[in-house]
Amino acid sequence: ETGVTQSPTHLIKTRGQQVTLRCSSQSGHNTVSWYQQALGQGPQFIFQYYREEENGRGNFPPRFSGLQFPNYSSELNVNALELDDSALYLCASSPRGLRWGTDTQYFGPGTRLTVL
Amino acid sequence: AQSVTQPDIHITVSEGASLELRCNYSYGATPYLFWYVQSPGQGLQLLLKYFSGDTLVQGIKGFEAEFKRSQSSFNLRKPSVHWSDAAEYFCAVGALLKEGKLIFGQGTELSVKP
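Heads up: the sequence lines are chains A and S, in that order.
Per my numbering, the first sequence starts with residue 1, numbered consecutively.
Per my numbering, the second sequence starts with residue 1, numbered consecutively.
Note that these hints are calculated values from the structure, not bench results.
These numbers come from a predicted model, not from an experiment.
Hints are not guaranteed to be accurate.
Residues of chain A placed beyond 10 angstroms of chain S at every Cβ, according to the derived structure [stated by the list, open to error]: (1) 29; (2) 51; (3) 67; (4) 71; (5) 115.
Now the stretches of chain A that chain S is said to cover, found in silico as 3 or more residues with beta-carbon under 8 angstroms [to be verified]: (6) 32-45; (7) 105-114.
Here are the computed distance ranges between Cβ atoms for each label pair [unchecked claim]: (8) 46(S) / 69(A): 20 to 30 angstroms; (9) 18(A) / 17(S): 40 to 50 angstroms; (10) 18(S) / 77(A): 15 to 25 angstroms; (11) 72(S) / 18(A): 33 to 43 angstroms; (12) 2(S) / 7(A): 26 to 36 angstroms; (13) 109(S) / 2(A): 43 to 53 angstroms; (14) 95(A) / 29(S): 16 to 26 angstroms; (15) 40(S) / 7(A): 34 to 44 angstroms.
We put the CB at the ideal spot given by N, CA and C, even for glycine.
With these hints in hand, go ahead and build the complete structure from the sequences.
What follows is the structure, given as structure tokens:
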């Protein structure tokens, strides 16, 4: 069974640029959540996708957007990058999403984004 | 608002000693509670979870946690720490929210002395 994978592993961008991060969910999982983890902090929820639709969103501006594809893989797009966007971006997949109560989220290794 | 507090930012224990990491949560209904571990540069690995039933739950790598509703706590324990346990530990609460999100604490960094 393949776990959650993310690409790229590391990324360096400059302020104002745009970035796309990718995530492949674990086999059999149809829900993907994205989290931002700043240095020394716990992960913060960005949004969740279930069956290709946004299922919920955290306190992040609209320049953070996402997609989920029919194979349940997902992308996180960030426009107009700011220095504070430097963080580890984690993707997690689950069978149905916590909305249904007991599903556990399984995390990928993350993408380290540095904005200069 | 839902929140998770991990009072200890950094803990150091000797190898072979016992360990307890504290977690307190704020949530109006029955919470779903998780402990994750993160090694440097890695993603999060699930150690254990509590949904209902027995308040003492067993996890991987010899860890256990006890849910105490009266204290709003979900502390993680291990009777004998190994050097490989050195990592960052996160407590999280999930709930039947539309967003389906996890709310994480700030984390506790564990160092293990030889």
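The hints, checked one at a time:
1. The beta carbon of residue 29(A) sits about 13 angstroms from the closest Cβ of chain S, which is more than 10 angstroms, so the claim that it is off the interface holds.
2. No Cβ of chain S comes within 10 angstroms of the Cβ of residue 51(A); the nearest lies about 12 angstroms off, and the non-interface call holds.
3. Taking the minimum C-beta to C-beta distance to chain S, about 17 angstroms, the non-interface status of residue 67(A) holds against the 10 angstroms cut.
4. Under the 10 angstroms C-beta cut-off, the non-interface status given to residue 71(A) relative to chain S holds; the minimum distance is some 20 angstroms.
5. For residue 115(A), the condition that its CB be more than 10 angstroms from all CB atoms of chain S holds, with the nearest at approximately 18 angstroms.
6. Counting residues of the segment 32-45 of chain A whose C-beta sits closer than 8 angstroms to any C-beta of chain S gives 8, which meets the bar of three, so the coverage hint holds.
7. Closer than 8 angstroms: that is the beta-carbon criterion, and the segment 105-114 of chain A has 7 residues meeting it against chain S, so the requirement of 3 holds.
8. The supplied range of 20 to 30 angstroms is met by residue 46(S) and residue 69(A), whose beta-carbon atoms lie about 25 angstroms from each other.
9. As the Cβ distance of residue 18(A) to residue 17(S) is approximately 49 angstroms, the hint placing it in 40 to 50 angstroms holds.
10. At roughly 46 angstroms, the beta-carbon separation of residue 18(S) and residue 77(A) lies outside the given 15 to 25 angstroms, and the hint is violated.
11. The hint said 33 to 43 angstroms for the Cβ distance between residue 72(S) and residue 18(A), and at roughly 42 angstroms that hint holds.
12. Remark: the range hint 26 to 36 angstroms for residue 2(S) to residue 7(A) is upheld by a beta-carbon distance near 32 angstroms.
13. In this structure the hint that residue 109(S) and residue 2(A) lie 43 to 53 angstroms apart at CB is violated, the actual value being about 30 angstroms.
14. Between residue 95(A) and residue 29(S) the Cβ separation comes to about 22 angstroms, which falls inside the hinted range of 16 to 26 angstroms.
15. Evaluation of the 34 to 44 angstroms hint for residue 40(S) and residue 7(A) yields a failure: the beta carbon distance comes to about 20 angstroms.
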